[in-house]
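Q: Residue numbers (my numbering), protein chains in the order written: chain P, 1 to 99; chain A, 1001 to 1204.
Honestly, the hints are just simulated from the structure, not real lab data.
Among the clues, some could well be false.
[Unchecked claim] Facing chain A, a subset of chain P residues (Cβ under 10 Å, in silico):
{"hint": "1", "residue": "THR12"}
{"hint": "2", "residue": "TYR40"}
{"hint": "3", "residue": "VAL47"}
[Claimed, not checked] According to the in silico footprint, chain P covers these stretches of chain A (three or more CB under 8 Å from chain P):
{"hint": "4", "stretch": "1063-1069"}
{"hint": "5", "stretch": "1172-1181"}
[As the list claims (entries may be wrong)] Pairwise CB distance ranges, derived in the manner of DEER restraints:
{"hint": "6", "chain 1": "A", "residue 1": "TYR1196", "chain 2": "P", "residue 2": "ASP33", "range": "21 to 31 Å"}
{"hint": "7", "chain 1": "A", "residue 1": "ALA1181", "chain 2": "P", "residue 2": "LYS8", "range": "29 to 39 Å"}
{"hint": "8", "chain 1": "P", "residue 1": "LYS28", "chain 2": "A", "residue 2": "THR1107", "range": "32 to 42 Å"}
{"hint": "9", "chain 1": "P", "residue 1": "MET1", "chain 2": "A", "residue 2": "VAL1062", "range": "49 to 59 Å"}
{"hint": "10", "chain 1": "A", "residue 1": "THR1148", "chain 2": "P", "residue 2": "GLU48", "range": "26 to 36 Å"}
{"hint": "11", "chain 1": "P", "residue 1": "LYS2", "chain 2": "A", "residue 2": "THR1107", "range": "24 to 34 Å"}
{"hint": "12", "chain 1": "P", "residue 1": "THR88", "chain 2": "A", "residue 2": "ALA1181", "range": "20 to 30 Å"}
{"hint": "13", "chain 1": "A", "residue 1": "ASN1160", "chain 2": "P", "residue 2": "LYS81", "range": "26 to 36 Å"}
{"hint": "14", "chain 1": "P", "residue 1": "LYS50", "chain 2": "A", "residue 2": "ASP1170", "range": "32 to 42 Å"}
{"hint": "15", "chain 1": "P", "residue 1": "ASN96", "chain 2": "A", "residue 2": "THR1148", "range": "18 to 28 Å"}
{"hint": "16", "chain 1": "P", "residue 1": "THR6", "chain 2": "A", "residue 2": "THR1149", "range": "22 to 32 Å"}
{"hint": "17", "chain 1": "P", "residue 1": "ILE74", "chain 2": "A", "residue 2": "SER1037", "range": "51 to 61 Å"}
{"hint": "18", "chain 1": "A", "residue 1": "SER1040", "chain 2": "P", "residue 2": "ILE74", "range": "52 to 62 Å"}
{"hint": "19", "chain 1": "P", "residue 1": "THR88", "chain 2": "A", "residue 2": "SER1162", "range": "55 to 65 Å"}
We put the beta carbon where it would ideally sit given N, CA and C, even for glycine.
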Amino acid sequence: MKHKFTVKKTCTEKTCQECADDIIGKIKTLLGDNISGVNYHISINHVENKHAIWLFLYNKDSVHESENTITKEIIKQKSDKIKKFSGTIPTESEINSIF
Amino acid sequence: MGFGGGGGGALPNHQHTSIPLTGGPLDFANTTIASLSAGSTTFSNGAALQELLIGTPAQALVVNGAGTAPEWVTPAAGGASSVTIGDLANFTTTSVVEVDITNYSLTLPTVSGSGNCFLIFVGTMARSGASDAYYYALVKDATTVTSTTCEPSTAGYNENFSMNTVVDADGDTLKAVMSVAGGNAGTFKSGSGGIYSSMTAFAV
Chain P
1 MKHKFTVKKT CTEKTCQECA DDIIGKIKTL LGDNISGVNY HISINHVENK
51 HAIWLFLYNK DSVHESENTI TKEIIKQKSD KIKKFSGTIP TESEINSIF
Chain A
1001 MGFGGGGGGA LPNHQHTSIP LTGGPLDFAN TTIASLSAGS TTFSNGAALQ
1051 ELLIGTPAQA LVVNGAGTAP EWVTPAAGGA SSVTIGDLAN FTTTSVVEVD
1101 ITNYSLTLPT VSGSGNCFLI FVGTMARSGA SDAYYYALVK DATTVTSTTC
1151 EPSTAGYNEN FSMNTVVDAD GDTLKAVMSV AGGNAGTFKS GSGGIYSSMT
1201 AFAV
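So that you can see chain A by itself, here it is in the shape it has in the complex:
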């Protein structure tokens, strides 16, 4: 039976309070009937109750972008795609045009919602005898998304550098490349002796 009273005439104005015969409080615990789908939840838009259908498995309930209502969203992928230093080796090149740094590639996460990835690249390098400028870049598919130049002041000593940026979390391939302006050997260090170069993509 609906709130109309089952044929007994229009339901008079009343409040759902703890006072009997004025409607009483709605008993939501498996008693009150409403035209909702299984798993739905309700919220108010300020004028009337609204139904929010249940989301898909693993989605989370958050406030929408306008800050006016709840919505289901797919959270960022758990655990970032990353390259770890343990599997990598030091890499040397004399190339004046960018070449791939062996094994420094990863597949970016695919994330709905904000759909962004924060890229963090921390590197260490050393050069040979002649002074030179070493160019490093992160390439997303075929597009350079960030770059830097490292010029170690003294031969044989390690120099640190970093690159950070935000890109779309769209499953593209990300790789690190390097080159040297004057063709003098430079070695990107990773994977041994406590030298921690790494490239990480965090879904945000």
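So here's chain P without its partners, still in its complex pose:
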């Protein structure tokens, strides 16, 4: 399941890793015991004042999801590392509220 949203943030080459840690840390807190990389992944494009964030919560074991950035289609790839997201899936408003 894809959640794609934007956050108004500014960072530089020197601070973009801290910026990423801040965004990822907030999402990790929201998602509780689920493990980053296993039950979900986060991608961030650090555009000035308009950071694009992709949050993919995996629907099935062994099926990874991501977005083809050219066609915008969802890409599904098999991987034994992937586990289904467990627990309550956060709403858009719950995700937006942490930023």
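Once you have looked at the hints, place chain A on chain P.
A: Just chain A, lined up with the frame of chain P:
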């Protein structure tokens, strides 16, 4: 009138030299007649003159692959397809399976002749606190054509890596992807602060 002499019998053996009445030098400057098409050029195959018809606009005359004759070929496209750093932003992911690096895609040139592209990818990245291995690859349509792994030794410090290879210049889409073995955030850096990551396809 042809070289046969216009009905005066067989032309005796002669040489085209500067001596009059032995044939004289051929005057190629708008005088000598030959059965060639407009724009054609001639070359010898060692036994007789051969006609090479004119090529198409923008083609160039080169020596053929056997090194025995000239031929017309379409040169490599002027200017390589490339992605420049100015339009791009830094990109972070925690994905353990490859994901597209936003905006790192291009359409390969289409070139006749050798029909190849030299791909040059130069990247810089940094990681968060935990040590991890970051996988990068170039994907031509759906096929990975080259890949590498970058493992920054210290959190927060930039690490450089590169990927180079040769692929067909056939107009396919080329894109860069990345993943991280342990799901710890890694940031591919491009577009600010003098960090020069780039992906370029040169037609060769």
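Q: Please flag the earlier hints that this structure goes against, numbers listed from lowest up.
A: Hints 4, 6, 15 and 19 not satisfied by this model.
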